[in-house]
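Chain B: place on chain V using the hints.
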Amino acid sequence: MITVALSEEDSILVQRTLSGNQEAFRLLYRRHVGPVRKLVYQLTTDLQVLDDLTQDVFLKVHRNLSKFRGDAKFSTWLFRIAYNVCQDHHRRRGRNHRVVSLPVEDLPISAPDEEILSGVDREELVSRALETLTPDHRAVVILHDLQEKPQEEIAQILEVPVGTVKSRLFYGRRKLKEWFSAQGVSL
Amino acid sequence: MNEMNEPSDEKLISFLKEHQPSPPPASMELERSLFEAIANEPKSSVVPIAKRKNVLSFGNWKVALIACSLLIGVGIGLNSYNLSQREVLEAEALDQTDISSLYAIDPDTGLYDVSL
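Same order as they appear, the protein sequences are chains V and B. Heads up: the first sequence at position 38 corresponds to 37 in numbering that gives the first Met the number 0, and the numbers run straight through without jumps. Heads up: the second sequence at position 63 corresponds to 62 in numbering that gives the first Met the number 0, and the numbers run straight through without jumps.
Extracted from the complex, chain V is given alone in its bound form (with noise of 0.2 Å):
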């Protein structure tokens, strides 16, 4: 029987979880799976590997529950877990830096300003906009811009300073729009 209600905070459906009660976590994970499985995407631009992931996060966050203190928001802390297991990914893979694997060229980007390019294309486009960037410029871009979250969020998930969320954010879009420029999209 579900004994918890859908509009209790986090950190009262994480105790309730401690406590034993499987229901709250389902709460938790059904509340939370959506951003994190888009950060996921987002941070791998991989479909294949993107449930396997997800699951990751959500059984790392469930065998480190009682790990959490509640000095941030659950959401930070979930997400912290979502962008280390996406590292440790990376790293199984051995790419630090993923390569692009077509060359840009291959898009249909002849006339992107023009309604011919549709919002598939416009979507592989930012995406092969992201997977230009170094994985903490990205990083960031994306949990800034696509995310919202705020700098200091972002700082306690990346575990670095703010200021350097704001160097990386400045560096990330920099190198975004002169990769636009280059592909003939003006913005």
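Derived by calculation from the structure, the hints in this document are not laboratory data. If a hint is listed, it holds; no wrong ones were tucked in.
Listed next, the in silico DSS-like pairs over lysine-lysine satisfying Cα-Cα at most 25 Å (straight line):
{"#": "1", "chain 1": "V", "residue 1": "K176", "chain 2": "B", "residue 2": "K16"}
{"#": "2", "chain 1": "B", "residue 1": "K10", "chain 2": "V", "residue 2": "K176"}
{"#": "3", "chain 1": "V", "residue 1": "K165", "chain 2": "V", "residue 2": "K176"}
These numbers come from a predicted model, not from an experiment.
Leaving out everything else, chain B in the frame of chain V:
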């Protein structure tokens, strides 16, 4: 959040947001698989807070205190024994030392000058 952004940043962010890579929705199979994996996890890894035992209990401190005291006592005893043994050996060595190699003979009295 975007208070420091330049106009070109705003355009970039807007483009990224609008066309960000998004995965298809998670299937129920993922949830089922996750909770099946959780059910098969070893139980020992998670200890509910309410069931945690205080490892550093008073009883353990007493045992640790007694053990430390014993160790310190044994250490001090051994050190004292070593020092006394060394003094005995030094005294014995002194007894066997030729006193003429240590002190000069006073020419006036013909005795060893031990004034220093």
